[in-house]
Each structure stands twice: as structure tokens, then as C-alpha cells.
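J.: So the protein lines, in turn, are chains A and B. Numbered per my numbering, the first sequence finishes at 615, counting up by one with no gaps. Numbered per my numbering, the second sequence finishes at 218, counting up by one with no gaps.
Honestly, the hints are just simulated from the structure, not real lab data. Be aware that a few hints might be false.
Lysine-lysine pairs mimicking DSBU-like chemistry, simulated, CA-CA at most 35 Å apart [said to hold, decoys possible]:
#1 Lys164(A) - Lys190(B)
#2 Lys164(A) - Lys37(B)
#3 Lys69(B) - Lys96(A)
#4 Lys526(A) - Lys46(A)
#5 Lys526(A) - Lys96(A)
#6 Lys37(B) - Lys493(A)
Spelled out, the chains give:
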Amino acid sequence: MGTFQIDFGDHRKPRVVGIDLGTTNSLVAFMDLTGPRILPGEDGDKLVPSVVSITDNGVLVGNSAQKALMTHPERTVYSVKRLMGRGVSDVQDELKLFPFQIAPGSDSVIRLQLGKETLTPPEVSALILRQLKKNAEAELGEPVTQAVITVPAYFNDAQRQATKDAGRIAGLEVLRLVNEPTAASLAYGLDKRQNGVIAVYDLGGGTFDISILRLHDGIFEVLATNGDTHLGGDDIDNLLIRIGLEDIASEWAEDISGNQEGVQRLRRAVIRAKEELSFQPSAIIDLEYKGKRYQRELTRENYERLIQPIVNRTLGPCRSCIADAGVTVEQIDEVVMVGGSTRIPLVRQAVEALFRAKPHTELNPDEVVALGAAVQAGILSGDVENKLLLDVTPLSLGIETMGGIVEKLIHRNSTIPASATQQFTTAVDGQRNVLIHVVQGEREMVKDSRSLARFDLKDLAPQPAGLARIEVRFLIDANGILNVTARDVRTGKEQSVEVKPSYGLSDDQVEAMILESYEKAEADFKERQVREARVEADNILAAVEKAKQNPAYEDLEEQERDAITKALNELLVVYHSDDHIFIREKIEELNNATQKLAENMMNTAVRGALKGTKI
Amino acid sequence: MRYFVYGLTMEPISLCWQCGNTAVCELVCPVCSSLQKPPTGFFQFFGIPEELALDVNALQSRFYELSRKVHPDHFAQKSAGERECSLEATSILNDGYRTLRDPIRRAEYVLDQHGFDIGEQRGNNVPPELLEEVFELNEALEEIRSGDDSARPQLEKAEQDFTAMLTASDNELQQEFLNFDRARSDDVLKKIRGILNRRKYIQNLVSEVHKELSAVRG
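This is chain B alone, in the form it adopts within the complex (with noise of 0.2 Å):
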């Protein structure tokens, strides 16, 4: 089987749907010209390799770049087949831009894509290091929601120290992300795993405590 380059990623040949006996290895047939059924993984749709680490600027322009050829306002006047797989590619190219620009997004989407499950359960549990923390929080938390006014300096402490921890999770995500783009290493994928869950977690404290402190502040 002969394999062509679909962006960087290689792609088993396909025949036109149109004129049926042209091999395919672009987005438009190079014969008929129709518009051609688009891989379906971002990545490949793109047409850069898969990193986490990944140019947002760059990613951008392919994205504009993509939208000109894709968009179904330039097959407004073609045939029904060619109409299809413009919708179909362009809200490829949309969704796939939406995942790929946000690092949270797109670390999810390639843990996904290597078979890690992200699933419901994720940013419930209490990272164990964060307990004693949490706790005190959430006492706090019930003292300003029964009209205590006293709590209101530790939350805006507490505001401040888990806005802290995002941004170093962050920055440890980004470390990680390159680690993943070098070793390609699913035990890499695996702390990634880890720190996404432990993102969310503070993220969802952060925005309940944000939540309670706008009620106060009025």
C-alpha cells in the first residue's frame, strides 16, 4: 500500500469520491478538483505532528490558511457531495483549532487520543497534599455563606495562594509538555494526567471562592 503525506502525518491513500480513479492526497483532487473528505484527527487536519508544546501563533495562520480553502462559503455554489465535505472539514478545522490553541484542551485531546481516560470523576478527588488546606477552606467557606464576615481575610488569602498554584501548575504542565514532545513517553502522558487533575481541582476551589468573595463584595 502506497502512503502519502497528509500535512506530516502519513495517511492511507483514498480514491475521488468524485471521479473515483484519482488517488488522493491533498485536500482537493487534483484532477476533478472536488474538495476531498478530511482526516478526522486534528493533527493530521492541520497537517503538523503531534506535539503539546506547539506554536499557537503558527497553528493560527494554518487555521486561517485552512479556513480559506475549507470554508462553506466557497462551495455555496458546488455540488451537494462537495458542500458535505466542506461542512464536514471545516467544522473539523473549527473544533480542531478550538482543542489545539488551549493548552488544557489540547494536553486532554492527546491523552484521549493515546487511550487515557478523562472521565467524570476527574477533579473530584482531594489531591492528598492539598487536605489539611481544603479543609479549612471549606469551614471558611460555610462561615461566609451563614453571613460571617470574619472569614473574609482567610479567603482572600486562600484566593491568592491557589491563584499561585495554578500558575505553577501551569508552568509545570509547559515543563512536561516538552518533555512529552522529546520522549513521547506515556509515562509522561501520565503525570500530565496528574496535574491536569489537580489543576481542575483548584480551579473549581478558586471559582467557588471567587463566587463567595463577589457575593460579599457586592
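The shape of chain A in the complex, shown without the other chains (with noise of 0.2 Å):
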């Protein structure tokens, strides 16, 4: 029986989804006519933990992947955000935590080791996207191809090239990075408040953000923006565990922080205490674990104790913020909490007091972000009009000079895109190239700073020294990410620059790994479609079955019988192999060899509805 195909027409824009890519959960969400929503997975569940396990039989994500930190600790990966574009040697205290393995050779990507593979932080996160891209489009029930994704505010340029790198092994084209408070105060539609001046604080999984923004018209322009990226939740429960893991070899004589398991259990355990102590005067942190418990009741007032001065490291820059905004707290109008941590007491009371206003909480601070997403990649497809971002760089971008000296181009808290040009010449007769080194930090000496790239200016032409005269161009994206072009002054050519990112996949890396995730891609799409063959072999087997208990088979010439008895034999033969095609094929010749009796059965159901009527 043929379908109807209905024609929408052709007008019909490409589907852009906004993600929240974060250190604890990731979110995926759409804006639709009614405004943003969040698209479940096929589980139901909105959030999907930011966690990934390579097993024998496939890659695990999210719900599935945190039940096996507990049983394959070591190829199972959380808080993957902490490591984008990061060196080994930045990372050595939270590797210490962490269940997995370095794989050697790491050096300015770091490389995890995860049972028989080795994967890159941009690859783990691509998997993250991957299911997110997928359920989505089981939502949607389309491709999706696009998408604006979010990252901490206070991001540098290694990190935001390694999250666009992951949207594009995962095969999404990232329109946009958006930056997570920004997002937020786009969800929160503060712009019916015509004009003002708003404070977003945003204390995540692993990452604080602060920004300061003033709204006009539906323009949300950022004043300043400051933060950790090595501040959130994490730092709390890591807290935890180490006092949890003293108190373990204390009592039980045993020290157990070498043993995974053990210390992932424990891990379950703190987190629960501590979302427990968000509405709870007190919890317990209880842990059974190789025939042993320990439970430890907390107070809130102690864990208030504990955790202040990790608080505390929040308020310092917040108020370098409110300075760099040029904004005093009073001309603050509103304040908006993002992030699941802000549902900790001690985390609002502190913002209530530094801002003396109450901050808005009324939106679930883990879906603020993803729903802002949805309404940025609603605005670069046209869905959304009269709002405007205008967002800045969180870090000055300097380049090295004599003496190990830094000289800033590009400040902190400019508005993106942003450029600056700077002439360069040779030091040496004949000299064919000039490197540049591009830091980012606000620090005077390049030893102080976060080297970015180095820029080979290659193949000048050879002249006597200080004759060269080369412009370059450094250009921040509206991304916050750094391209760099250059020409010569007097032939007006335009002159290569080689790039070598300091930390961070070449783009040749990059192409290789979205080759290989392509083919994984392939695979999963055949498995896919095994699948589903399966299923529709599962309901024919079924209604066959079912068929002959009916009269109508029996009233079948046995040739008829006999045929369909073979075609059902020779689907249950192919229904185990990995060929799609086959079973498809087998279950054509079963609804073939069907098609008699179905109709037999179908003129008997007629008879008998016409039975009982009145003509």
C-alpha cells in the first residue's frame, strides 16, 4: 500500500540545535514555534551525563556509560571538558582523580587511554555529541547537520578550537560558540526589561563564569566577563572524597584511593550527600564497599565550612568584573544564576550579598545554558529576529617581543569580532622567515602567559635587514577564536602563515579523526539498519504465527501451506545475520508467500462484521 508524501515545499530552513556541552551533563534543544525546548534521549531523560565507556561491544554514552564507571572504571571517562586543550602537564593534579590512563606519548593533547583505544579529549567529546546529534534527530525526525554550541565564558583559544573540533568529528557544522552565561541570560528573555544592566553567575560541573551585561532593544552587549576554568562542582566532591578516603584508612585501616572502584563508589556517594545538603539541614555520606561501610554524617553548617573557600574563589572575580564593566553593584539591576551548583545555599547567600539583590533562580540551572543555545542557533537561522549578542574575549591576546616581554594587541573584554594589525620586518640580512609567537593571559611576561600558536611567516624574499615589511592581521572570530593573515606592505601580496597550535590537534589530526568517525558512522548506521530489519521480521514472525490458529489457514491448499512454511524457515535462518538486505528479502517472499491467506482471512472477517448487519 502506498503512502502519501506531503510537500511542505522547499522553503524549509536547515535545523539548527543549540548544545550545552557540559563537564557533568550535556543537553541538546530546539526552538520551535512555542520558544526553546529541550529534546530528550530515547530514555526520556533531558540531561545526558557527560560520560563515555569503551566496552568489547561499542562505545557507551551517557545514562549507560555512568552505570559502567562503577563496574570498568578504567575505560570510562567523566568530566572530559576538564581536559580540552590542555597539555598533560596542566592537568597533572586532576589526573591524579581521574580512573583512566594516560596513553604515553601524550604531550600537547593529551591522550586517554581507554582499554584497547586511545582517544583525544575532542574525540571523547565527540561522542558526547554524537548521541546528542542522535537524539535529536529521533526527535525531530530529520537530520540534524548544525548546531551552536556553548562554552565557558572564560574559555581560551586552545579550548575553543578543541570544542569546535569535536562538533566536527561528531559531523556537526558548529555555526556558533556561544558562550554559557551569554546563553543563559538569552533563555531567561531579560530583554523584556528594555534596557538594563544584568550579572550572570555561573558555576558549573568543573568551570565559573561571570559576565556583565547591558540589554537595549533586544541587544544584549557584554560589558566584561571573568572566571575560573578549573572551578565548580568537581572541586567540592573532590573535597569529599579525599576526606572520605582519610576517614576510610583510618577506619578501616585500609587505604583504598589506588582502587577505582572503590574510589568511584565513593564518588557516588559524596555527590549524593551533596545534592542532599542543598535542602537538607544534614546527609550521610554512606558507602558500602567489599563487604565494608562507612558513613559519615554531614551537617550542613560543616559542609558550609568545607566548601567556603571554594565559594570564596568565585567573589574575586566578580568584583574584578564589576570594575572591568565600568558598572557599580547598584547600577546592577538583576542578577541570574546559572549552573547546577547555584542550587547550593552558601553559593546563593554569597551572590546575594555581593550583589545585594536576590538572584533569579527560576529557570533549572542545569537547562538554562542549552535553551539559551537554542535561541542563539534560532537567531543564525532566522527563526529568531530583533535579538543581538554582542559578546567579548575573556583574555588579552599579546604577542612575544624582546626580553620575553608580552605586548598586547587585542585587550580582555573587547568586543568580537576584534582585530588588531601589526608590522613585522626581518633582524638578519636574508632572512626568509619570521616566527611570532601569539600568547593570550594578562600577564607581562610570555613565561607568565598561555602560549597560543606560533605563526611561521614563510618564504620572504631575501632583502637586507629591516627591509621587510610585513602586516599581520590577528582577527578574533565571533567565536573567540584567533585567525591570523598576513601581507606584504609593499607588494601588497598576500604572504603564508604556517600555524602551529601549541596545545591542540593540527587540522590535518582533525581531518584524519572525522574520516575515522565517518566509518564508525557507517557502521553504526548498518547496525542501525539491522536492527530494524529484525523488528520487522519480529512482527511478520509474530502475525504469521498468529495466522494459523485461523480457520483460514487451514482452509489453505497445502502447496500454499507448504510455501509459506518454507518462507518462514528461511527468515528465521537469516534473521541472526548482519545483512539487512537478506532479511529484508526474506521477509518480502514471507508476506508473498502470506498474501492468500491474509486475504482469506480478511473476507472472513468481512462476512462475519456483515453477519450481524441489517441490509
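Mind docking these for me? Both chains are given alone in their own frames, and the hints should help you get the complex.
T.: Structural data, given as C-alpha cells:
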């Protein structure tokens, strides 16, 4: 039987989704006519835990991977966002707490050893993104190829680039990286207030951001941003884990800190207690492990004393941000809370005391960033009009000059896209190339700054020293990512620039990963088709079994019954093969063989139905 | 050659990069509605006359208005050529707004556009009339760095005096800005450069004194 193809015309725009790629949880959202909404996964959960587990039978992402963290901690990754765009030496402290191993040969890019597989943080993030993409496609019923992905406002160039790479590897065109606090302000619909100044306080699982924005008739202009990309709920977990491990060491006379399964169980226990303490005056850290039990009651008072230093670390950036924005506390009209850790009462108190205003907590702090990303996706696809985000670069961009001193070219809190040009020349006769070292950060000396990349101006025409005039243009795009172009001032010719990123993947490496993930996607696709064919086979097999009980079956001629039995057995034989075309062929044959039976059954049913009807 | 008005400043006509045969005199081609390559001069881009005493509120409104027209968010689904024009235009818009809204940067920009060198040496030479005060100040700074707290009142007074001087040169600048807008002469620009250099020098002194004082105040 044919189906009707309903044609909605060809004016449909591509679907652009908004993705919050979080440290702890990730979400995907979409803007429809009623507003932004979160697209849940197959299990109905809106939050996809940012956990990936590499099993012998494939990759697990989300809740299933969360479970695998208990059984296969050494092959399971969580909080991978903390490793994005970083080198091995940056993350020594946290690696101690992670259950997985670093593969040998890691330097500027971390490589995680997960069972037999070696994956970089962008590849792990790509697996999470791929899951979200799949969830969105299932929910929307069409392919999703374009996305807006959020990043902490305080992410540097390498961290942003790594996020963008993750998107590409997952098969998504990343139309824009949006800063999380800015996205949140979009979701809050604060533009209903036409003009004003708002602060967004975003304390998530692993990162902290504070942004101050001016609203002006639908324009969201970020005045300043500050933060710490290594501060969040994870730090509270780690603090409580350390205490638990010490307690256990003295109570059980056994150090379980080397045992990953035990540590992960404890981690789960402290997170549960932490979450309870946001709503109750006390909670118990409760761990049962290897037949022993550890219990420790934690009152809110004690808990708050423990975490006070962590909460206080957010206040310095807040004060700097207010000063950089050129506003006073009194001028800030509203404060918005974002991120799961803002559920902690102590955090709310600290924010209220600092800003002297009751913070907004109406929207679910776990969802607000994804919802905002969907609004931004709507802006980019043209569905949302009259709203515009003007964001800033969180860190100053500079180049290394004589004596290892940084010369700043683009200052922090400059509205992006932003650019600066600088002329370079040669120091030696006949010099053929000039190396430019670009750094990010606020410090005076190169050694205290974050190395971003080395740009090599190559193939200069040999000239006496100081004669060459190469104008280099540094441009930070709307994603906060640096682009560099150069030209010879006298000839006006474009000058080639070779980029060597200090941290992160080269373009070639990303390309190779895209290819590899494409092959994996092919395998995924095939697997899905086989699964679908089997479901169809199940349906027809069940229907035929049932039809055999019908008197119409006995009315068939013997050779017709034989044909059905033959087709049925053949389908059963190919059922477990992984060739979906073969399975479908046999389904078709069984379908044909039962045609007569189906007709007879139908006639009987019609006759039966007519019996009681008066004509 | 025909000229068109890009804001208020005259620019030679150019052809649309996209459809090629239309003379374009706006940000957007009137025929194929592609975004055009923007002029690089900040005043031209904003479409305002080159004035040093400009109205910052009007500049802000213009900034928002132009942002709505050229921002990359509005070109995400357009051709690569238009996306590039949008990125280019928005970076000039943002750089221009940042430069023009601040009186010091604005003055430096105009000086640079008029061929005045505002190089590295600026702000390093002691203005002659301040020689004596600077000498005394440096001694006081030495003392306080070596832990001698008795120089503190003197430094506090110097901080006040020099801050007052900054305010005075800001007023002076404002006056010269008006003079330039009226007369548009290089002599006024020379004078402005002098004030800027002196101001920069005083600014450095104030921040240094402030730094030392904050250190002892804790």
C-alpha cells in the first residue's frame, strides 16, 4: 500500500540545534514556534551525563556509561571538558583523581588510554555530541547537521578550538560557539526589560564564569567577563572524596585511594550527600564496599565551612568583572544564576551578599544554558529576530617581544569580532622567515602567559635586515577563535602563514579523526538498519504464527501451506545474520507467500462483520 | 569619476563584488542585496564627520544600529563571500567603536590618521615643568620601597596633586578637541599630541604611586 508524501514546499530551513556540552551533563535543545525546548534522549532523560565508556561491544554514552563507571572505571571517562585544549602538564593534579590512564606520547594533546582505544579529549567530546545529535534526530525526525555549542566564557583559544574540533568530528557544522552565561541570559528572556544591566553567575560542574551585560532593545552587549575554567562542583566532590578516603584509611585501616572502583563508589556517595545538603540540614555519606560500610554524617554547617573557600574563589572574579564592566554594584539591576552548583544555599547567599540583590533562580539551572543555545541557534537560522548577542574576548591577546615581554594587541573584554594589525620585519640580512609567538593572558611576561600558537611567516624574499614590511592581522572571530593573515606591505601580496598550535590538534589530525568517525558512523548506521530489519521480521513472524490459528489457514491448499512454512524457516535462518538486505528479502518472500492467507482472513472477517448487519 | 556618500564622507564608487555590474553606495548592494566590503576608516564606517568632540551617545546608537546590519549572526546561512564581508565589517565596527568612544584613543587615532607619529617614546620624557616634582616623588618612592613609612603622607599628597593634573589636562583636551573641530589645523593636533604625552606621563606616575600606596596599605 502506498503512502502519501506530504510536501511542505522547499522553503524549509536547516534545523540548527543548541547544545550545552557540559562538564557533568550535556543537553540538546531546539527552538520551535512555542520557544526553546530540550530534546530528551531515548530513555526520556533530558540530561545526558557527559560520560563515555568504551566497552568490548562498542561505545556507551550517558546514563549507561555512568553505570559502567562502577564496573569498568578504567575505560570510562567523565568530566572530559576539564581536559579540553590542555596539555598533560596542565592537568597533573586532576589526573590523579581520574580513573583512566594517559597514553604514552601525550604532550601538547592529552591521549586517554581506554581499553584498547586511544582517544583525545575532542574525540571523547565528539562521542557525547554524536549521542546528542542522534537524540535530536530521533526527536525531530530529520537529520541534524548544524549546531550552536556553548563554552565557558572564560575558555581560551585552545579550549574553544578543541570544542569546535569535537563538533566537526561528530559530523556537526558548528555555526557558533556561544559563551554559557550569555546563552543563559538569552534563555531568561530578560530583554523583556528593555534596558538595564544584568550579571550572570554561572557555577557548573567544572567551570565558573561571571558576565555582566547591558541590555538595549534586544541587544545583549557583554560589558565584561571573568572566571576560572577550573572551578566548580567537581572541586567540592574531590574535597569530600579526600576526606572520605582519609576516614576510611583510619577506620578500616585500609587505603582504598588506589582502587578505582572504590573511589568511584565513594564519589557517587559524596555527590548524593552534596545534593541532599542543598535541601536538607544534614546528609550521610554512605558507602558499602567489599563487605564493609563507611558512614559519615555531614551537617550543613560543617559542609558550608568546608566549601566556603571554594565558594569564596568565585568572588574575586566577580569583583574584577564589575570593575572591568565600568559599573557599580548598585547599577546592576538583576542577577541570574546558572549551573547545577548554584543550587547550593551558600552559593546563593554569597551572590546575594555581593550583588545586594536576590538572584533569579526560576529556570532550571541545568537547562538554562541549552535553552539559550537554542535561542541563539534560532537567531542564526533567522527564526528569531530582533535579538543580537555582542560578546567579548575573555583574555588579552599578545605577541612575544624582545626579552620575553608580552605586547598586548587585543585587550580582554573587547567586543568580538575584534582585530589588530602589527608590522613585522627581519633582523638579519637575507632572513627568509619570521616566527611570531602569540600568547593569551593578562600577565606581562611570556613565561606567565598561555602559549597559543606560533605563526611562521614563510618564504620571504631575501632582503637586507629591516627592509621587509610584513603586516600581520590578528582577528578574533565571533567564536572567540584567533585567525591570522599576513601581507607584504610593499607588494600587497598575501603572505603565507603556517600555524603551529601550542596545545590541541592540527587541522590534519582533525581531518583524520573526522574520516575515522565517519567510518564508525557507517558501522553504526548499518547496525541500526539490521536492528530495524529484525524488528520488522519479529512483527511478521508473530503475525504469521497467529494467523496459523485462524481457520482460514486450514482452508489453504497444502502447497500453499508448504510455501509459507518454507519462507518462514528461511527468514528464521537469516534472522541473526548482519545483512539487513538479506533479512528484508526473506521478509518480502514470507509476505508474498502469505498473501492468499491474508486475503482469506480478510474475507472471513468481512463476512463475519456483515452477519449482524441488517441490509 | 562619480562619488557617493558613505555616511557623510566621500568615497569613490565601487562595483558589487557579488553581482559585479552594480555601483554600490551602501553597506548592502541594492540589486543582489549582498553585504559589501566595508570602508576601513572608522569615521567613514560609522558615517559620521571626523570630529574629536563627538557625541558618545549618538556613537553608541549608531554602533547598535550598524551591529544589527552587519553582525555575523545575520549571515550564518549566507555565502562564504558574504560571511567574510560580515566578519570584516563587524571587526571594523567593533574596533572603531572601542577606539572612538574613548577620548584618548580617539585622539590618538585621529593623530595617526593625520600622519602624526605616536610611537613608543611617548610618555617617557619628563615634561620640563614637572622635573622638580618628579625628582622628589622618585625619592619618596625609593624610601617607601625600602620600608620607610615616613614618606607616606608625601606620596598621598602627590597622588592627589597628580590626579588633579590629570583632570586639568582632560579639560584642556576637551577644549582643544573643540578647537580642532572648528579649525581642523595641524597646529591644534600638535598641541593635542603634546597634551597626550604629558597626560600619559602623569598617568604612569599616578598608577605607580597608587601601586606603592596600595602595597603599604595592604
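J.: Decide, hint by hint, whether the structure agrees.
T.: Verification of the hints:
Among the hinted pairs, Lys164(A) with Lys190(B) is inconsistent with the structure: their alpha-carbon atoms are about 49 Å apart, more than 35 Å. For a cut-off of 35 Å, the pair hint linking Lys164(A) to Lys37(B) stands: about 27 Å separates their Cα positions. As the CA atoms of Lys69(B) and Lys96(A) are separated by approximately 50 Å, the hinted pair breaks the 35 Å bound. With a C-alpha separation of about 27 Å, the suggested pairing of Lys526(A) with Lys46(A) holds against the 35 Å cut-off.
Taken as a hint, the Lys526(A) and Lys96(A) pair is broken in the structure, with Cα atoms around 39 Å apart against an allowance of 35 Å. Only pairs whose Cα atoms come within 35 Å are accepted, and Lys37(B) paired with Lys493(A) is accepted, the gap being roughly 18 Å.
Violated hints for the displayed structure, listed by number in ascending order: 1, 3, 5.
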